[in-house]
Amino acid sequence: MLDTRARKVVQPLFEQMATLLKKMGLSANQVTIISGIIGASTGFFVYNDMMGIAILLLWLSGALDVVDGTMARREKTTPIGTILDLVLDRVVELSVLIGIALRFPETQVVILLLVASFVIGMTMFLAIGAVSDNYGFKSFQYQPGLVERTEGFLFLTAMLLFPSAIIWIAVLFLIAELYTVGERFYQASKVLR
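All the letters of the sequence shown, read from the start, carry residue numbers 78 to 270 under this note's numbering.
Some hints here could point you the wrong way.
[Stated by the list, open to error] FRET-style restraints, in silico, Cβ to Cβ:
hint : residue 1 : residue 2 : range
1    : 231       : 270       : 15 to 25 Å
2    : 223       : 182       : 26 to 36 Å
3    : 240       : 270       : 39 to 49 Å
4    : 160       : 92        : 34 to 44 Å
5    : 190       : 125       : 21 to 31 Å
6    : 133       : 245       : 43 to 53 Å
7    : 107       : 133       : 13 to 23 Å
8    : 153       : 101       : 11 to 21 Å
9    : 240       : 267       : 32 to 42 Å
10   : 263       : 133       : 28 to 38 Å
11   : 183       : 92        : 37 to 47 Å
12   : 121       : 160       : 19 to 29 Å
13   : 249       : 204       : 17 to 27 Å
14   : 156       : 208       : 12 to 22 Å
Honestly, the hints are just simulated from the structure, not real lab data. Quick reminder that beta carbons are idealized off the backbone N, C-alpha and C, glycines included.
All chains, please: the whole structure from these sequences, using the hints.
Structure representation (structure tokens):
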């Protein structure tokens, strides 16, 4: 939701960052890998109760993830770049959640349910994309939803800032994620009959 609505406002900043990184000789795929490495490290910092560093690295990773997409659209996207982006995005999210589950064992059940909702959400995303491509509905592949990447990062950040409320925040995140899955299925069912 925020990704879709705020994109016009923040995109000029990401365009400038993309230009700078390109001048430094980096490709979109290299920025994707750097973003993934930075983001994957967050779990270590969460586990070691260094929440400020974890939050900073999470958001830096997210910013670079937007920049790599901007660079890819300029350079022409590649299948391997798309694969890298999808996989490393999940690695970043899982790193934070694993760090939380290990640091705060009492949250493990709800974190496991949240991870399951991510699997369901990604399966829905990939299934809609595959069916859309096979039946000529390419524009439908990514539809906005209640929970997009920014909302996910906000939920993760809230969990890191308020450890005593992790379970409740995770439950809200889980409900929002499942709502988004339902929303995307409903949107797809109207188009892909």
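Hint check:
no., hint, verdict
1, 231 / 270: 15 to 25 Å, "violated, 35 Å"
2, 223 / 182: 26 to 36 Å, "holds, 30 Å"
3, 240 / 270: 39 to 49 Å, "holds, 46 Å"
4, 160 / 92: 34 to 44 Å, "violated, 24 Å"
5, 190 / 125: 21 to 31 Å, "holds, 25 Å"
6, 133 / 245: 43 to 53 Å, "violated, 24 Å"
7, 107 / 133: 13 to 23 Å, "holds, 21 Å"
8, 153 / 101: 11 to 21 Å, "holds, 20 Å"
9, 240 / 267: 32 to 42 Å, "holds, 41 Å"
10, 263 / 133: 28 to 38 Å, "holds, 37 Å"
11, 183 / 92: 37 to 47 Å, "holds, 44 Å"
12, 121 / 160: 19 to 29 Å, "holds, 25 Å"
13, 249 / 204: 17 to 27 Å, "holds, 25 Å"
14, 156 / 208: 12 to 22 Å, "holds, 18 Å"
Taken one by one, the earlier hints fail for this structure at numbers 1, 4 and 6, listed in ascending order.
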